[in-house]
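Just so you know, the sequences run in chain order D and U. Per numbering that gives the first Met the number 0, the first sequence starts with residue 0, numbered consecutively. Per numbering that gives the first Met the number 0, the second sequence starts with residue 0, numbered consecutively.
Hints may be right or wrong, so weigh each one.
[What the hints assert, rightly or not] Computed, partial: chain U to chain D, Cβ under 7 angstroms:
no. : residue
1   : 246
2   : 250
3   : 253
4   : 255
5   : 257
6   : 258
7   : 263
8   : 435
9   : 436
10  : 455
11  : 464
12  : 468
[Said to hold, decoys possible] Here are the simulated lysine to any residue pairs, SDA-like style, with alpha carbons at most 25 angstroms apart:
no. : chain 1 : residue 1 : chain 2 : residue 2
13  : U       : 269       : D       : 539
14  : D       : 579       : D       : 539
15  : U       : 269       : D       : 141
16  : U       : 269       : D       : 138
17  : U       : 201       : D       : 125
18  : U       : 188       : D       : 45
19  : U       : 181       : D       : 125
20  : U       : 201       : D       : 112
21  : U       : 201       : D       : 114
22  : U       : 201       : D       : 116
23  : U       : 188       : D       : 539
24  : U       : 201       : D       : 141
Don't read these hints as lab results, they were simulated from the structure. Computed from a prediction, not measured in an experiment: that's the story for all the values here. Each residue gets a CB set at the ideal place from its N, CA and C atoms; glycine is no exception.
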Amino acid sequence: MKHRILACIRVCMQKTTVRFMLFYLVLVLLPTVAFINMYASNLHRQAVNEQRYEKQEAFRLSAQYFARSLEEINLVAETLQSSTPLLTLLSGGYPSASDELYAYSAYIQPLFDQVYSTHPSLDALYLYRLYPSYIGNNGLVQNLCDYSDLTYPCYEEGDSCAFLAAAPGQFRHRTDESPEGARYVCLRSLYSSDYTQVVAVLEMQLRVDDILQSVLPVNGGGLLYLGYEGVYYPIAQRDAAYHLDTEHPLEHKPVASKDTLLLETPVAEMTLLWQLPLVGAYGEVNQSFVLMPMLMLVPMALFWLYILMYTRAISRFSRHIHATGGGVPQPYEGAVREDEFGDVIREYNVMTRTIEELIASVQEAERLKNAANYYAMTSQVNPHFMFNTLENIRMHIELEKYQDANQMLFTLSRFLRYNISLREESSLEEEFEHARNYVLIYQYRIHHMITFRIRRDDDVPGIRCPVRILQPIVENSLKHGITGLHDPIHVDVHAWCGEDGVCIDVTDDGCGMSDETLTALNARLETATLRRQDQPDEHVGLENVNARIKYFYGAAYGLHLFHAEPRGMLCRIYVGLQKKSSQKGGRSV
Amino acid sequence: MKRRAAQLCRLLCLLAVIVLAHGAARAEEPRVVSVFINHPWFPVQDFIGIIPEEITRVTGVTLEITVAQDMQHLNRLIAQDKLPDIVYTSTMLERMNNPALCYSYDELLEACGLTWDIPAQLRANALTYSPDGRIYGLLNNYASNEDWQHTTAVPMTASLMIRQDILDDMGVEQIRTVDELKAVYLRVKEEYSHLVPLTFDKTHRFNFFRCCFGLGLLPFQEQEDGTWLYYARDERYLDMLAWLNDLYRAGCMIPDSFAATDGNSSLLYKQDRSFSFSSCTQNTNLFLHNELIQIDESYCSVELYPLDGACYDTQGLGWSASFITRNARDPQTCMELLRWMYSDQGQHLTEWGREGIDYTLDADGLPVFSEDVMLSVANDTYNRTYNPWFYFGTSAIVEAEGRCALQADALSGSAYDEIRRRYRILPWVTAALAQMPEDCRLIYDRITASIDDYEAKIILSADEADFQRNLNEMLAYLEALQVETIEQHLSVSIPEQYAQYQLRMKEMEHP
């Protein structure tokens, strides 16, 4: 299995697309993801730190604003303390009801209106008088009350106090439709103009919800609490407005955890807490980091698709080359793009054409070379044959047998003319005549009894054949058939029509040859090629004829030897009816 | 060719349908008219509720409301040239009657091709403030003396809420004179120590007693010799102050009432801590009675029958006028809206609600409100649910008939009939005041700004000497401000205005 996997990987690694993918994955994708992850983590960490710092700063400022809003009470108290008409009224200083009423209408009531308008979070303001006055005894004047109405237990005479009144019953509620919600109640003493005596106790009620709304950041997130005397009231956000939830207080202080950050700031007698979530923000970012590589796989897949499409032409080209195997490279005929790959394929096609031309030129050279050998072989004449013939002619002249000499010269000249001609082809008639001339010369030369007969069946067509194919066979019969100096020999040439050609049987009644020699010789003739002249052999003439016939007509034709009856040899020359159409690619020749 | 023509026709039809559909969709969107309401006390800030929705459905107009922050708000808008489409105001009528600020109704009707036969009385009332004989603002809450004789409703005027159950407890069957009333107050003070005998609101204060002492509600009083005196110099007013001071000194009034605001002035009365409450006929008693019976079902508040000799003379030109400003984005829509609001349908809808749903008309043509409306009144949710505050063109009669229809007959009783019988409108006095020269106006404004303080000071006098001293101080103040100058001017101009008003009415009735 392991080997299969390794083999599979090895095969895959040989693919250009896979290499590209690995290149993209290792050199581009992974470093990019790693870099982005690291960079974004740093950025996020930095942003979280800054955000945390900003939130802490915003929270600190909010707490400051909260405290300042509570301190507005001091401004209210100072404003009222500095109003002489009010202090006069509270100390019972006006001589008549009309004077007091006028002071109230002209100065005090406008002063109250001004205080309410300049401190929007101020919900109620009561003055508990220690001295009687003409107005403010019957509830028609809201701001003036009797000291006996002051029932807050935390207040001690001459002192000041402040507390968070979370429940409605914990503070004096205005009779009109003032909104619900917790109040921050502060009680202060108001003194007479000369600060010698307390003339009233001032009660100021601030709406906590209004203060929260004005000081806290709207989009702070997290959980806010307002703690007072060990109880922590959640600050809920409803309709983009803060609201102190007095119905669900926490008995224990909220604690920080690994997921939250707890900010705490004291505000007057209270504590403002902010429980900030941390993990949520990190978690979201980490999720995005996990998603990031997955998102990058999409471009990777697209990249793979692109590479696949881009290398498809190369793959096809590669398959074409593999299909050629070890043979001659063939031109690529598929689509060729106008890019570097296209250039390679075009150059390949040029190369294949060049190779083809080179092969053709080599074959032509071989053919020319074979032709030269052929010519050389066909024109070979045994020098001893020539010297003996010429010597016989001279002897006949010496003996004054001029007629015989003349006849011999005539025959020799006809023989030589045919023998040295540059023709490649000849006819059967001319071959028969050439063989007959050779036999005559041979008889003149050795004075031997030779019976030479040529027969031709009537149905044998007049075919074209390589030149000088019959004379060497006849020469071979005479050369190897004659056993004794005076033994006659009969050589019979018979041309008859075969299945796909013409057979010329050359039969002698000479000594013949053994079966082994016959078999070996036939085997050589089956695979015989043209032999050069410098390769001397006993049966070189037969082999050369055989080779030339095969070259001329094809491998199915040639020579074959048989035992003749009752003795001697039969050499069958099998030639075609016409010459082979093309002699190119003659590797088998 | 025919095929192409048919295709072209189809295309044009499609385009026409799209355009018409778009136009229809636009038509469904209400047109917006901005209105400035120059009444800082206005109880609603938005044009929402059953009646506003119905107004929008009928007229296709919705209102963008801006309520004045204070009495200088309109001045600021004029100075900044930021007037909205319509200004609805009961003050600064002289200033708004200005062609540079507002369209004249006649001009706009002609320009828009609208027809509206403005009633003669409305036209006459509007011309009282006109500098050039053109109508710039039509007043609502208008009615003639004759109109009041043909209705069972009561006009908006001074009234005294009184505890009928206390009276019954004391065995008082009726109160006919101020002396009898004073005696009742003293008895209440004596016998019902937890009750303050007399409380009052900031707006109407002692108007009821002015009527009882024969002064009426006019700022100037005609004397036997035909001259006109400022009411604070009239003997009847001085008698009233002495009468009230006696009550105060007897403990029948408390200074707190003078310091109370309109919002909480009725607090003692509806908490069963006051015997009577001086206010007006505008359903005040209805709401107070509903509050009282929440404490004890046996409690009953009624409006006191007018005393013998009571006078209910008033200026009576109307109350608030609607002006179409030169800044109006769509003056024609504004004019069509106001024309509809002054129509019978507009008046009934804006004042009473939807006919057949919120009210039906009885045999006399008076509204009978549905149980839902009556329930919302009892629960004090009527204003919030129905919002009947956009009665820009409602006459005083329609307003009064609707108001009275909300009350049980037992509460109003025959008091309303007597008030209506004695109610008398003198619009020429208003016309004379409106056309006072500038120096007289300045004097008048200064007197008006301080007279209430003097009144309070006199009534709250601790003893007779103090009373006399304070009274003399007020008279000296009035003399110092040269109130005689106004009196002399009005002694001439009021009879002239009376003559002109009569002539104008004749011309309009018989053009």
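These are the hints, each one checked on the structure:
{"no.": "1", "hint": "246", "verdict": "violated, 13 angstroms"}
{"no.": "2", "hint": "250", "verdict": "violated, 12 angstroms"}
{"no.": "3", "hint": "253", "verdict": "holds, 6 angstroms"}
{"no.": "4", "hint": "255", "verdict": "holds, 4 angstroms"}
{"no.": "5", "hint": "257", "verdict": "holds, 5 angstroms"}
{"no.": "6", "hint": "258", "verdict": "holds, 5 angstroms"}
{"no.": "7", "hint": "263", "verdict": "holds, 6 angstroms"}
{"no.": "8", "hint": "435", "verdict": "violated, 28 angstroms"}
{"no.": "9", "hint": "436", "verdict": "violated, 30 angstroms"}
{"no.": "10", "hint": "455", "verdict": "holds, 6 angstroms"}
{"no.": "11", "hint": "464", "verdict": "violated, 12 angstroms"}
{"no.": "12", "hint": "468", "verdict": "violated, 11 angstroms"}
{"no.": "13", "hint": "269/U with 539/D", "verdict": "violated, 156 angstroms"}
{"no.": "14", "hint": "579/D with 539/D", "verdict": "holds, 24 angstroms"}
{"no.": "15", "hint": "269/U with 141/D", "verdict": "holds, 16 angstroms"}
{"no.": "16", "hint": "269/U with 138/D", "verdict": "holds, 12 angstroms"}
{"no.": "17", "hint": "201/U with 125/D", "verdict": "holds, 22 angstroms"}
{"no.": "18", "hint": "188/U with 45/D", "verdict": "violated, 79 angstroms"}
{"no.": "19", "hint": "181/U with 125/D", "verdict": "violated, 35 angstroms"}
{"no.": "20", "hint": "201/U with 112/D", "verdict": "holds, 17 angstroms"}
{"no.": "21", "hint": "201/U with 114/D", "verdict": "holds, 22 angstroms"}
{"no.": "22", "hint": "201/U with 116/D", "verdict": "holds, 22 angstroms"}
{"no.": "23", "hint": "188/U with 539/D", "verdict": "violated, 173 angstroms"}
{"no.": "24", "hint": "201/U with 141/D", "verdict": "holds, 15 angstroms"}
When held up to the earlier numbered hints, the structure conflicts with 1, 2, 8, 9, 11, 12, 13, 18, 19 and 23 and fits the remainder.
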